[in-house]
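Q: Construct all of the structure, not just a fragment, from the sequences and the given hints.
When the letters of the sequence shown are read in order and numbered with the UniProt record's numbering, they come out as residues 1 to 366.
It is possible that part of the hints are untrue.
Calculated lysine-lysine pairs in the DSSO-like style (CA-CA distance at most 30 Å, straight line) [unchecked claim]: (1) 204 to 317; (2) 330 to 317; (3) 330 to 204; (4) 258 to 204; (5) 258 to 330; (6) 258 to 317.
Simulated from the structure, these hints should not be mistaken for lab results.
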Amino acid sequence: MGSDLFGSYAESTCAALFVASISSFGSNHDFTAMSYPLITSSMGIVVSLITTIFATDVFEIKKLLGIAIGIHSSIFELKSRGRTEYYTSNAYSSPVQDVADSCRTGATTNVIFGLALGYNSVIIPIFAIATSIYMSFRLAAMYGIAMAALGILSTIATGLAIDAYGPISDNAGGIAEMAGMSHSIRERTDALDAAGNTTAAIGKGFAIGSAALVFLALFGAYVSRAGIESVDVLTPRVFIGLIVGAMLPYWFSAVTMKSVGGSQNGRRDLNRRLTQGNDTTQCTRHAHSAYRRCPRRLTRASEHVKSLGPKGSDCHKAAVIGDTIVDPLKDTSGPSFNIHIKLMTVESWVFAPFFAAHGGLLFKVL
1 MGSDLFGSYA
11 ESTCAALFVA
21 SISSFGSNHD
31 FTAMSYPLIT
41 SSMGIVVSLI
51 TTIFATDVFE
61 IKKLLGIAIG
71 IHSSIFELKS
81 RGRTEYYTSN
91 AYSSPVQDVA
101 DSCRTGATTN
111 VIFGLALGYN
121 SVIIPIFAIA
131 TSIYMSFRLA
141 AMYGIAMAAL
151 GILSTIATGL
161 AIDAYGPISD
171 NAGGIAEMAG
181 MSHSIRERTD
191 ALDAAGNTTA
201 AIGKGFAIGS
211 AALVFLALFG
221 AYVSRAGIES
231 VDVLTPRVFI
241 GLIVGAMLPY
251 WFSAVTMKSV
261 GGSQNGRRDL
271 NRRLTQGNDT
281 TQCTRHAHSA
291 YRRCPRRLTR
301 ASEHVKSLGP
311 KGSDCHKAAV
321 IGDTIVDPLK
331 DTSGPSFNIH
341 IKLMTVESWV
351 FAPFFAAHGG
361 LLFKVL
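A: Structure representation (C-alpha cells):
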C-alpha cells in the first residue's frame, strides 16, 4: 500500500540530486544545491512525526462533535484550494450526488455519467500542474521543477498514514456488520470509510501530480546526459516514437484490466472446488484474503444512494455495478500509470549514454 507514493518520493529526490549535479541547468550547483533535497526530505519526516505526536498524544479527543467539525472545515478549506474533494467527497460534492442520482435509471447511465465526470475532473489539475511547472522553471529552471515535486511529497509519512486509513475503517465497518452491532455504529464506520475514500483519492492525486514533475525533471536530465541539443518533432523517427509512446498507456491498461478478469475466473474455479468438497481450511484462508482485499462495496456516492433507496434496491444495485466496473480503472490501471511514467523516464536516463552512442540501431537494421 502506498508503493506508488513512496516511489514518487524516492525518484523525486534522485531527480533533484541529479539535476543539481549538472551545471548546464544553472549556476553554482555545488554541494549546497545537492544537500538541499536531502534536508527537505529530512525536515518532512520530522514535521510528520511532530504533527502525529501532537494529534494523538498531546491533544486528546474529547468528543466526536469536534472531530466532525474539524473534518468538515478541513474538507471545505481543501475544496477551496483544489478539486479532488469536489469530485470525490460525499459531504459537499455536487458531482458525487449527480452520479448517485443517475443510478435511478440503471447501471448503464451510472457508468456513463461517472466516466464523463472523471474525464472532466482532469481539466483544473492539468492547469494547476502546468502553472507549477512554469513558475518552478522561472524560479530555478529544472532544479526548481525537481524541488517542486519533492516539496509535494515532503510529508509523505502523513500521506501514507492517511492512505491506509480507508481500508482500516472499511474493515472496521465490515466487522461491525458481521458482529450484529447497532445501526448507529455502522453509520459511524460508514462516515469514516467515506472520509478514507476521499483521502485515498487525494493520495493518488499527489502521486500522479508529482510523477509529472519528476518526469519533466528526469527528461531534462536525459537530454543533457544523452547530448541532445534539439528535438525536431517532424522527424519521422521522433514522430514514430511519439505514436508508440502514446500507445503504451492503453496497452498497459489492457494488461492490468485483463489481469483483474483473470483473477475473477480463478476465483470462480476456486468456488467450484470448494462447493464440491469440504476444504474448510482453504475456505477460511481465501475468505479472509478476499475480504481483506475486496474492492469497496460502494462508490463515493454510496451515502447519497442510501437516501434514494434501501440496500438491495435497484438504485443500490446500479451503484454497486458501477463501482465494480470502475474499480479496475481507479485501483489497478490508474496507480500503475504513475509507475509506468516514472519507470520509462528512469530507464531512458540510465541508458542515455548507450542511446547517444548507438542511437538509431533499429532503423539501421531495417
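Q: Of the numbered hints stated previously, which ones are contradicted by the structure, given in increasing order?
A: none
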